[in-house]
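Its first residue numbered 1, the sequence shown is counted upward by one per residue in UniProt numbering.
Just so you know, these hints were derived from the structure itself, not from any lab.
Yeah, the Cβ is synthetic: ideal placement off N, Cα and C, and Gly gets one too.
DEER-style ranges, computed between Cβ atoms:
| no. | residue 1 | residue 2 | range |
| --- | --- | --- | --- |
| 1 | Glu61 | Asp16 | 19 to 25 Å |
| 2 | Lys87 | Lys43 | 26 to 32 Å |
| 3 | Lys79 | Asn27 | 19 to 25 Å |
| 4 | Asp16 | Gly39 | 18 to 24 Å |
| 5 | Glu100 | Val12 | 21 to 27 Å |
| 6 | Arg105 | Asn10 | 37 to 43 Å |
| 7 | Asn27 | Pro50 | 23 to 29 Å |
| 8 | Asp157 | Arg105 | 42 to 48 Å |
| 9 | Ser103 | Ala34 | 57 to 63 Å |
| 10 | Lys107 | Asn27 | 55 to 61 Å |
| 11 | Leu32 | Asn10 | 25 to 31 Å |
| 12 | Gln55 | Lys28 | 31 to 37 Å |
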Amino acid sequence: MSDFEALRMNEVDSIDDFAGKISGVANKLSELGASVKDGTLVKKLFNSVPSKYLQVLASLEQLFDVDEMPFEEAIGRLKAYEKRVKKDDKQGNQLLLTREKWSARTKRVSGEPQRHGATSSEGRGWGKTRGRGRGRHSGGRGGATLSRLDGASGSRDKQHI
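Please take these sequences and the hints and turn them into a complete structure.
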């Protein structure tokens, strides 16, 4: 019984691994004649997991009767949460990788041509505008420039509409 009480899940252990350890100790106890109920196994599982599972444990304890919950159901619910957390971690690592790539691209040698024509005047890159916005660039159709303003009144020259 002391092996059962001493079991604790490490941060690096998966739910499957730890549930296997609990099941193994419970099987040893049943071979010795002591029966371990599912409720006891579920409580041991819930009390032994790391703090990253506290949110889901609180929800499970509120929604379900832990004493009546089958051990396999508890494992399944924690595994679903673990899978979701690992998926989010992978996406976070991908984002960091993307940021690394971005910083590598921005550190290019200034002699190389830049993409999206930020400083060039040709093409449809970031340096060119489309639409009816004013004041973003000089010249072009519809832009309010000083050469088009009509003297002191500030009205727009409408002869080329």
